[in-house]
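Chain residues, written in single-letter form:
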Amino acid sequence: MSVRLTDEPLRVDAAMRELEGPGLGGVTLFAGRVRPDRGPGGRVVALLYEAHEPLATRALRAIETEARRRFRTDRVVLWHRVGRLRVGEVAVIVGAACSHRAAAFDAARFLIERLKVAVPIWKTERARPVRRPRPRPGPSAGRSRGSGRARRPAAGRSRAG
Amino acid sequence: MSVRLTDEPLRVDAAMRELEGPGLGGVTLFAGRVRPDRGPGGRVVALLYEAHEPLATRALRAIETEARRRFRTDRVVLWHRVGRLRVGEVAVIVGAACSHRAAAFDAARFLIERLKVAVPIWKTERARPVRRPRPRPGPSAGRSRGSGRARRPAAGRSRAG
Amino acid sequence: MNRPTGSVTVLLFASAREAVGRGELAWPIPPGGLTAAALVAAIGAKFPRLRPTLATCRFVRNGGYLDDLETRLRPGDEFAVHPPYGGG
Amino acid sequence: MNRPTGSVTVLLFASAREAVGRGELAWPIPPGGLTAAALVAAIGAKFPRLRPTLATCRFVRNGGYLDDLETRLRPGDEFAVHPPYGGG
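Protein chains in written order, with this note's numbering: chain A, 2 to 162; chain B, 2 to 162; chain C, 2 to 89; chain D, 2 to 89.
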């Protein structure tokens, strides 16, 4: 899927597969990772990413449509992760496949610049680990689906540090 | 390894791992794939990539050094595949990790533009499959290491079509 | 004092949520009605830490960006406070 | 006719190899010696299909690009013919 807002890890090899197509010789991918910046509350160990759904998905789709039109490609990815990400984890992957490299570079740059200003996604610094959720019984409890992408913003999360 | 000339398939997820490092928040990757162009001998089904070693590796390292200096990153990949590649296979991956995205885009673009003009690597069209090498006995014979990267150019390969 | 005539749901994201301490408020509509501008002023008055953030925010009613803050809100409306976006 | 005084190894890549039909030639050095320019002229004369390609090529002796084609070649030298590069 070319537009994705997910709490699952993002992978560039999956993005490459999404960008396959006849004649698409040049693929440019950009991946943004959580940096260990120093914030007001100390050294950042994690970022909480949240989105206002369904506006965020609608905005991603609008960017996709414009990129296809401007750069004459029908293979674009705009993937953003939500939830709590540790330093080094991939928060965003954008990419474009075009017949030639110049268009692929321009398209990928366009995608990330637009995404940053036009999509209701936010990051909040977590300078210390927040308390872990209590482990739940059963092997299927490892993933907390939907965290960070709820229509309602997560309430009552206190800023660490 | 940041500079690589290999007859093994190139993978963007391996390139991403190579580009990890503290504070490197932005990673731009470019991958070039074999396009099914129409050449003088018919529809291209494969390209034979060859390099003049060790000049090619030396040229790749010189590009790496210049990119590190110009874009202030110490994480760069310049990987090129040699040998016979089918349509859709990845022939080249370049990438750069920087603290911010503008530098990562500029560095990756620099890497691929320089690679194309300054590294003794060539592609020759194969419009029809050349005859396959006879299968060799044993499970370890699947890979023909070093094809296309020999110091001596492959002699006697006739152009198909 | 008259009874309120329904309420709007206020969604607060990121720095706005952290300034208020929760991500959702049910805000009563007074009998005379409530414009978006009046709602923004009222939540800023009730949560002083939110004021600097509010100056940088965009507002969204029922999924559409609000250009005209004189728009009158209706019972059941969702009114979202969007601090500057920070994806990527 | 005098005997040649050793030879140089000529490496031909890509379109140059395809024009000649093989990637490597052992080219004898005549008694009077052999400059790079004379070698290029001689292989162009022997392989007419190679001539258009040669006009676009760079030449490499023992791993270093040759700017001065009046350079005299020595026995055992490796002389590579590089058509325009096409990586990526």
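Hints listed in this document are in silico derivations from the structure and should not be mistaken for laboratory results. Be careful, since some hints might not be right.
Now the in silico label distances, taken between C-beta atoms and shown as ranges [said to hold, decoys possible]: (1) R70/B <-> A15/A: 30 to 40 Å; (2) G65/C <-> G22/A: 26 to 36 Å; (3) G22/A <-> G7/D: 51 to 61 Å; (4) R50/C <-> D75/B: 17 to 27 Å; (5) G89/A <-> T10/D: 24 to 34 Å; (6) G24/A <-> G22/D: 43 to 53 Å; (7) R69/B <-> A43/D: 10 to 20 Å; (8) R18/A <-> A27/C: 29 to 39 Å; (9) A56/C <-> P10/A: 35 to 45 Å; (10) G89/A <-> D68/D: 21 to 31 Å; (11) G24/B <-> R73/D: 45 to 55 Å; (12) R23/D <-> G24/A: 28 to 38 Å.
All figures in this text were calculated on a predicted structure; none of them were measured in a lab. Positions of the beta carbon are idealized from the N, C-alpha and C atoms, including for glycine.
Right, here's what the structure says about each hint:
{"no.": "1", "hint": "R70/B <-> A15/A: 30 to 40 Å", "result": "holds (33 Å)"}
{"no.": "2", "hint": "G65/C <-> G22/A: 26 to 36 Å", "result": "holds (34 Å)"}
{"no.": "3", "hint": "G22/A <-> G7/D: 51 to 61 Å", "result": "holds (55 Å)"}
{"no.": "4", "hint": "R50/C <-> D75/B: 17 to 27 Å", "result": "violated (42 Å)"}
{"no.": "5", "hint": "G89/A <-> T10/D: 24 to 34 Å", "result": "violated (50 Å)"}
{"no.": "6", "hint": "G24/A <-> G22/D: 43 to 53 Å", "result": "violated (32 Å)"}
{"no.": "7", "hint": "R69/B <-> A43/D: 10 to 20 Å", "result": "violated (43 Å)"}
{"no.": "8", "hint": "R18/A <-> A27/C: 29 to 39 Å", "result": "violated (45 Å)"}
{"no.": "9", "hint": "A56/C <-> P10/A: 35 to 45 Å", "result": "holds (36 Å)"}
{"no.": "10", "hint": "G89/A <-> D68/D: 21 to 31 Å", "result": "violated (47 Å)"}
{"no.": "11", "hint": "G24/B <-> R73/D: 45 to 55 Å", "result": "holds (53 Å)"}
{"no.": "12", "hint": "R23/D <-> G24/A: 28 to 38 Å", "result": "holds (34 Å)"}
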